[in-house]
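Listed below are the residues making up each chain.
2 protein chains.
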Amino acid sequence: MGEEGVKLYGNILSPFVLRVEWALQLKGIKYEYVNEDLSNKSPQLLQYNPVHKMVPVLVHNGKPIAESAVIVEYIDEAWSDLYPLLPSNPYQKATTRFWAKFVEEKCLHGSFDVLSRVGEEQLKAVKEMQESLKTLEGHLEEKKFFGGETIGFVDIIAGWMPSWLGMIEEIIGIKIINEEDLPLISAWIKDLLDHNMVKETMPPQEKVMAHMRAIRENVLSAMSA
Amino acid sequence: MGEEGVKLYGNILSPFVLRVEWALQLKGIKYEYVNEDLSNKSPQLLQYNPVHKMVPVLVHNGKPIAESAVIVEYIDEAWSDLYPLLPSNPYQKATTRFWAKFVEEKCLHGSFDVLSRVGEEQLKAVKEMQESLKTLEGHLEEKKFFGGETIGFVDIIAGWMPSWLGMIEEIIGIKIINEEDLPLISAWIKDLLDHNMVKETMPPQEKVMAHMRAIRENVLSAMSA
Chain E
1 MGEEGVKLYG NILSPFVLRV EWALQLKGIK YEYVNEDLSN KSPQLLQYNP VHKMVPVLVH
61 NGKPIAESAV IVEYIDEAWS DLYPLLPSNP YQKATTRFWA KFVEEKCLHG SFDVLSRVGE
121 EQLKAVKEMQ ESLKTLEGHL EEKKFFGGET IGFVDIIAGW MPSWLGMIEE IIGIKIINEE
181 DLPLISAWIK DLLDHNMVKE TMPPQEKVMA HMRAIRENVL SAMSA
Chain B
1 MGEEGVKLYG NILSPFVLRV EWALQLKGIK YEYVNEDLSN KSPQLLQYNP VHKMVPVLVH
61 NGKPIAESAV IVEYIDEAWS DLYPLLPSNP YQKATTRFWA KFVEEKCLHG SFDVLSRVGE
121 EQLKAVKEMQ ESLKTLEGHL EEKKFFGGET IGFVDIIAGW MPSWLGMIEE IIGIKIINEE
181 DLPLISAWIK DLLDHNMVKE TMPPQEKVMA HMRAIRENVL SAMSA
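Residue numbers (the UniProt record's numbering), protein chains in the order written: chain E, 1 to 225; chain B, 1 to 225.
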């Protein structure tokens, strides 16, 4: 067990697990990583997350917490004296949660639509995704990260975008992010990918790509069945 | 303006606005209610919530906050000395957020599926909804409310269910909640509907029913078009 008994049940293919890793690493919390075989989940994982049976699960002093965004907020509150992920001011905190929710509902679902559709429907999904990113860009303003000079809660929640959106673009053969249309998001992507912790935690792209191609093929074959 | 300049932009047809009203009333915070005509939204609402252009919006000392769950957490943090909505312990808080998310993702989306589908697809949605409620029941345990002896965050987020699920049952002519299958949820529904504040804030059912019938008809006609 790591510091204060912190154990993370995860899998390298999951961008949601990555959120928890980033939160732990930014705070400098030592943890034990338990790699889960998602086609043959451990009894521990099923016991710790009986509702969703999914990674990530964080176990702290023997107590399990599931759902990546919930875990990240927990980490921020349980280790409140270390590197803050959310602002302490209630209004700024609410604004942070608003944009995190926007990323979950618009950008995450939007990117799944982009990946899993074809033809006209896919082009429509790409356009909607670009509009969501344009809206999100408004919240970056003049800041380097959504958290300001340092990576914060919204950066963590949106942290899959720089790498995953690039892979989606490659798989579907359509460019989603053009620098001239989304200059601030483009700069944010570069800054995030250039961050040492991000570089060190990023999973092997070819494995993630193969996994995402499989997701797309599964959805498309289910639709044509 | 009410106490400390609190203004709520809402509409009686919205169960999401009701969440914010309950949070304010449980804390005893005075507020001014601005009724929005959703077919002709005010310039103030569009200015305060340019991203979603939807109610509820809470304006506190001139600063707007949107998204009902975000607003309720804000109210709890901005008036932390009054009636607590979330537990202060980080682990209990994480558990509370986990179940609030479950209600949003499983029960809310599930009930929309129940309302907007027909035939076999509808029966499947009803079954899934019943399974979600059974899972949620596990979190009620021996408690009166999800918050314990008093109404808390999960009760507020799930607060649309007692009244709205009953209306959905009436509209579609299918019973979703049977007392023998869901005894704890059934008792929770009775306790919540019996709470004075809940009784006093509940919108006129016939208006909400007409609105929901219109939603169902719109979805069905869009599907058959």
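Honestly, the hints are just simulated from the structure, not real lab data. Keep in mind that the hints are not guaranteed to be accurate.
[Claimed, not checked] Reference excerpt, derived from the structure (chain B facing chain E, CB under 8 angstroms, subset only): (1) Phe16; (2) Lys41; (3) Tyr74; (4) Glu77; (5) Ala78; (6) Tyr83; (7) Lys93; (8) Ala94; (9) Arg213; (10) Arg216; (11) Glu217.
[Unchecked claim] Below, a list of computed lysine-lysine pairs in the DSS-like style, where the Cα atoms sit at most 25 angstroms apart: (12) B:Lys27 / B:Lys175; (13) E:Lys93 / B:Lys175; (14) B:Lys124 / B:Lys144; (15) B:Lys199 / E:Lys101; (16) E:Lys53 / B:Lys106; (17) B:Lys124 / E:Lys101; (18) B:Lys101 / E:Lys93; (19) E:Lys134 / B:Lys124; (20) E:Lys7 / E:Lys134; (21) B:Lys63 / E:Lys53; (22) B:Lys199 / B:Lys124; (23) E:Lys101 / B:Lys175; (24) B:Lys127 / E:Lys93; (25) B:Lys101 / E:Lys106; (26) E:Lys41 / B:Lys101; (27) E:Lys101 / B:Lys127; (28) E:Lys101 / B:Lys7; (29) E:Lys7 / B:Lys41; (30) E:Lys41 / B:Lys106; (31) B:Lys175 / E:Lys106; (32) B:Lys7 / E:Lys7; (33) E:Lys127 / B:Lys93; (34) B:Lys41 / E:Lys106; (35) B:Lys41 / E:Lys63.
From the three backbone atoms N, C-alpha and C, an ideal C-beta is built for every residue, glycine too.
For each hint, the structure was consulted:
1. Phe16: With a minimum Cβ separation of about 13 angstroms from chain E (threshold 8 angstroms), the hint on B:Phe16 is violated.
2. Lys41: violated, 18 angstroms
3. Tyr74: Holds. Min distance 4 angstroms.
4. Glu77: It holds, given that the least Cβ distance between B:Glu77 and chain E is near 4 angstroms, below 8 angstroms.
5. Ala78: The hint holds - B:Ala78 has a Cβ within 8 angstroms of chain E, the shortest such distance being about 4 angstroms.
6. Tyr83: Not OK, violated: B:Tyr83 not within 8 angstroms of chain E, min 16 angstroms.
7. Lys93: holds, 7 angstroms
8. Ala94: OK, holds: B:Ala94 within 8 angstroms of chain E, min 4 angstroms.
9. Arg213: Violated: closest Cβ of chain E sits about 26 angstroms from B:Arg213, beyond 8 angstroms.
10. Arg216: This interface hint is violated because 23 angstroms lies over the 8 angstroms limit.
11. Glu217: Given a least distance of 25 angstroms, the restraint on B:Glu217 is violated.
12. B:Lys27 / B:Lys175: violated, 35 angstroms
13. E:Lys93 / B:Lys175: Distance of about 41 angstroms is beyond 25 angstroms: violated.
14. B:Lys124 / B:Lys144: violated, 30 angstroms
15. B:Lys199 / E:Lys101: violated, 31 angstroms
16. E:Lys53 / B:Lys106: holds, 15 angstroms
17. B:Lys124 / E:Lys101: violated, 29 angstroms
18. B:Lys101 / E:Lys93: holds, 18 angstroms
19. E:Lys134 / B:Lys124: violated, 38 angstroms
20. E:Lys7 / E:Lys134: violated, 37 angstroms
21. B:Lys63 / E:Lys53: violated, 40 angstroms
22. B:Lys199 / B:Lys124: This hinted pair is violated, its Cα atoms lying about 32 angstroms apart.
23. E:Lys101 / B:Lys175: violated, 33 angstroms
24. B:Lys127 / E:Lys93: violated, 38 angstroms
25. B:Lys101 / E:Lys106: holds, 16 angstroms
26. E:Lys41 / B:Lys101: It holds: about 23 angstroms lies between the C-alpha atoms, which stays within 25 angstroms.
27. E:Lys101 / B:Lys127: violated, 28 angstroms
28. E:Lys101 / B:Lys7: holds, 23 angstroms
29. E:Lys7 / B:Lys41: Between E:Lys7 and B:Lys41 the Cα gap is close to 49 angstroms, so the pair fails against 25 angstroms, i.e. violated.
30. E:Lys41 / B:Lys106: Holds. E:Lys41 to B:Lys106 sits at ~22 angstroms (cutoff 25 angstroms).
31. B:Lys175 / E:Lys106: Given that 25 angstroms is the threshold and the Cα spacing comes to 33 angstroms, the pair is violated.
32. B:Lys7 / E:Lys7: violated, 44 angstroms
33. E:Lys127 / B:Lys93: Violated - the C-alpha atoms of B:Lys93 and E:Lys127 are around 38 angstroms apart, more than 25 angstroms.
34. B:Lys41 / E:Lys106: It holds: about 22 angstroms lies between the C-alpha atoms, which stays within 25 angstroms.
35. B:Lys41 / E:Lys63: violated, 46 angstroms
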